[in-house]
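Participant: Please model the entire structure based on the sequences and the hints provided.
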Amino acid sequence: MKKILLSLLLLLSTVFASQFVAAAADLEVNTPAISAIKGSMQARHGQLGAHYASGAIGLTKDGLIAVRDANVVPLKDRAALNSAVAAENADRANLYKEIATANGHPEWQLEIQSTFAGRWIDKAQGGWYYQGASGWVQK
Amino acid sequence: MKNWITGLALACALPACVTINIYFPAAAAEKAADKIIDDVWQLKNGAEKPNVKAVEPASAPAK
Amino acid sequence: MNYFIRIVSFLCGVSYSVAVHAVSEISIRAASITHSQGDAQNVVLHLNFDQPKFNKSTPTLTLSSALKQKSTKDWTQFKLKCDLPENTSLGEFNCADGLLKNAQANIPFSLEINRLFNQGVLDVHATLQLRNASLSDEAGLHAAENLNGKIDVSLRQEGRAWAWQTALDWQSGEVFWQPFYVANGGHQLSASGTLEDDLLNIKSAHLKIKNVGELDADGRVRLSDTKLMDLNANLPSLDLSTAYPLLFKPFLEKTAFNNADVAGNAALMLQVKNAELKAFELRLKDVDIADKNQKFAFYKLNAKLPWSYDTPKSVSMSYENGNLLNLPLGKTNIQAEVNRFSLTSPNIRLPILDGALNLSDIAAARIGGQWYWHLSAKLEPISMADFSAQLKLPRMLGKVSAEIPLVTYSGGTLTTDGSVVLNVFNGTATVTQLVMHSPMGIAPKLNADIALRNLDLGDLTRTFSFGAIEGKLDGDIEDLELQSWKPVRFDAVMQSSPGKYPKKISQRAVENISALGGGGAAAAVQRSFLRFFEQFNYGKMGLSCRLRNDICQMGGIESTPHGYVIVKGSGIPAITVMGYNQTVGWSELLERVKRVTDGNSRAIVK
Chain A
-3 MKKILLSLLL
7 LLSTVFASQF
17 VAAAADLEVN
27 TPAISAIKGS
37 MQARHGQLGA
47 HYASGAIGLT
57 KDGLIAVRDA
67 NVVPLKDRAA
77 LNSAVAAENA
87 DRANLYKEIA
97 TANGHPEWQL
107 EIQSTFAGRW
117 IDKAQGGWYY
127 QGASGWVQK
Chain Y
67 MKNWITGLAL
77 ACALPACVTI
87 NIYFPAAAAE
97 KAADKIIDDV
107 WQLKNGAEKP
117 NVKAVEPASA
127 PAK
Chain D
-6 MNYFIRIVSF
4 LCGVSYSVAV
14 HAVSEISIRA
24 ASITHSQGDA
34 QNVVLHLNFD
44 QPKFNKSTPT
54 LTLSSALKQK
64 STKDWTQFKL
74 KCDLPENTSL
84 GEFNCADGLL
94 KNAQANIPFS
104 LEINRLFNQG
114 VLDVHATLQL
124 RNASLSDEAG
134 LHAAENLNGK
144 IDVSLRQEGR
154 AWAWQTALDW
164 QSGEVFWQPF
174 YVANGGHQLS
184 ASGTLEDDLL
194 NIKSAHLKIK
204 NVGELDADGR
214 VRLSDTKLMD
224 LNANLPSLDL
234 STAYPLLFKP
244 FLEKTAFNNA
254 DVAGNAALML
264 QVKNAELKAF
274 ELRLKDVDIA
284 DKNQKFAFYK
294 LNAKLPWSYD
304 TPKSVSMSYE
314 NGNLLNLPLG
324 KTNIQAEVNR
334 FSLTSPNIRL
344 PILDGALNLS
354 DIAAARIGGQ
364 WYWHLSAKLE
374 PISMADFSAQ
384 LKLPRMLGKV
394 SAEIPLVTYS
404 GGTLTTDGSV
414 VLNVFNGTAT
424 VTQLVMHSPM
434 GIAPKLNADI
444 ALRNLDLGDL
454 TRTFSFGAIE
464 GKLDGDIEDL
474 ELQSWKPVRF
484 DAVMQSSPGK
494 YPKKISQRAV
504 ENISALGGGG
514 AAAAVQRSFL
524 RFFEQFNYGK
534 MGLSCRLRND
544 ICQMGGIEST
554 PHGYVIVKGS
564 GIPAITVMGY
574 NQTVGWSELL
584 ERVKRVTDGN
594 SRAIVK
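Protein chains in written order, with my numbering: chain A, -3 to 135; chain Y, 67 to 129; chain D, -6 to 599.
Keep in mind that the hints were calculated from the coordinates and are not lab data.
Heads up, a few of these hints could be off.
Quick list of in silico lysine-lysine cross-link-like pairs, DSSO-like style, CA-CA up to 30 Å [stated by the list, open to error]:
hint, chain 1, residue 1, chain 2, residue 2
1, A, K72, D, K247
2, A, K72, D, K587
3, D, K496, D, K587
4, A, K57, D, K247
Treat the numbers as computed from the prediction; the structure is a model and nothing was measured.
Facilitator: Printed below as a string of structure tokens:
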């Protein structure tokens, strides 16, 4: 009896293991929704790129962006900077959600977001700012 | 027979049993994130050279 | 002992030079003064009684110091130089040279004090002139640059209260005060009222914003937390082309109206009581509003939108024309009842193209910052010819009509209970289980089931420039999901409708169907004797596709060991088209369809 129980348990683990193997395959990121969001972010990067470089904005530790120091931006452009940051963050939140749902696991959203948070910072250009454990850090 | 199954299961499943985060495919997520970030920031082949000003002629659309 | 002053070290030096008659200079210096609210350093007060430059010697007072609030780290330099009146009891000071400076602010100013006392009572009248002042908070979200302005203040003690009066003339300079941005000066404010304890009473205020409009207001502000307690505001005429970017856009960032061109005139009345919005009335006059991304536009919009916390109000709105997601909208009148946070209307008719959308039993409510509404909808027939032209689809004939007993919208999702019936291609397309997520958002999503019945294949193939096929088609597209209006998932089965009717397929159609399976197959027809026939009879045709992850799992009307039957021949000459690819990339399939239809339409043009 004990032996049966053990093998049953192990059999169960194989099921989990095979799921693990299946999940290790690529994530689906080519849905039209993801492409649309990506396109919108790509277009906006033309505007945001200079702001990353100047330190006006930085990458937050939760995979979003934030205004760090608007003083380097002329007054007349600060409202546009704020709306670009808000729009970017709306897109990013939407992106994380779409990736999670496109892969049939809406509950992954937060983990995807934190994965992205690390990757954005890793891939950021030297001189850009990101949020470290205790405030802004220049890369 | 039972031993055979047990052995096989033991061989391939044991490490999975102790994996804490069995469901979330962290490596695949990183790969997916890299792909998207490369597209959004227009980093070519993951090179650390983002096209900040977006003045460069648009490269062939991804995919 | 709230204002306890502790002098850490106080060095006082009175240096004087004895002239013939009097002391000519006095200097008082303090190295450091601390106070419960702030510190001062290097305080120098310098009085000079003798100024040989002038015939009439005018005494001058110079004060300089470094100041710091307890909560901050940076020191602020303060400097002021004043001419003192001969008779100090008049209280006339003219301080031409003042400066307030620290890391975040540089405020040069001059101060003119015309009166300090009147009959022994404090009765100040002073004018402050800013000269190219600039300031900014650390994040740069509240900042001003090159600010020039004149502030005129009168303050008189009346018992326990103070009566005040001010005139503010913003001459030039730009200000960003999140979320507002004002590019230049030319604005004036005049106001008067009283100040009692911590309550600022504004008896009347008049604000003139250049090129935008004028505001009349009265109210009360609690100063301790700058809370607006009461307010009556009236903006009788606002030019929306300038008022929209300045006043409205900052509040509409998270709505669909954040990226629009707006022109026209508006009037606004606003009432706040005990820090709660009590009532407002917004009137729009001949307003044109057009989304920059072409999602919507309304022209000649006139509206009277009253709202009151206490009493229900009737709102009315009309527009001459407009468009929504590329569909033109005709002249529309909307009447509704608004009761606090809910809105109801028995009927709204929205003319669209040659038909109309009739909405009835409308009820909407705003709960926790989100809109919820439900209504029933009936679409009066719209011709598909216009509809397809507007959406840049191939020209289709027929009519579309719909009847949806219940449409609900909650938290960005639109759900329908009922069916949209499109009478197209002499048959019907019935859409049920229609659900839309964020239809105006960046990645709209749509889910639906579609049933097609008795579509005329002749019309269909002509419309899409596919080789001619005669017959009728039934189809069931289940579990359809569109993202950004592109299909990402469905289970579709299409096949010949049951019943007796002529079934013929042209050679070109056969070639095209074959081409969908990838080249090669078409050539087989060409090589065989079949090329001599213009058209063939068929018994049944059908194709199914189960779309998942951009891959279409294909099938036909029958399965064979190696493939499936797409067209089954009948009579003489008969032709059977087989498919062998069980899976086809969806994007690849669309490419092939496009190539086929493009190729054919070109051939027709030639």
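Participant: Find the hints from earlier in the document that the structure breaks and name them by number, from lowest to highest.
Facilitator: 2
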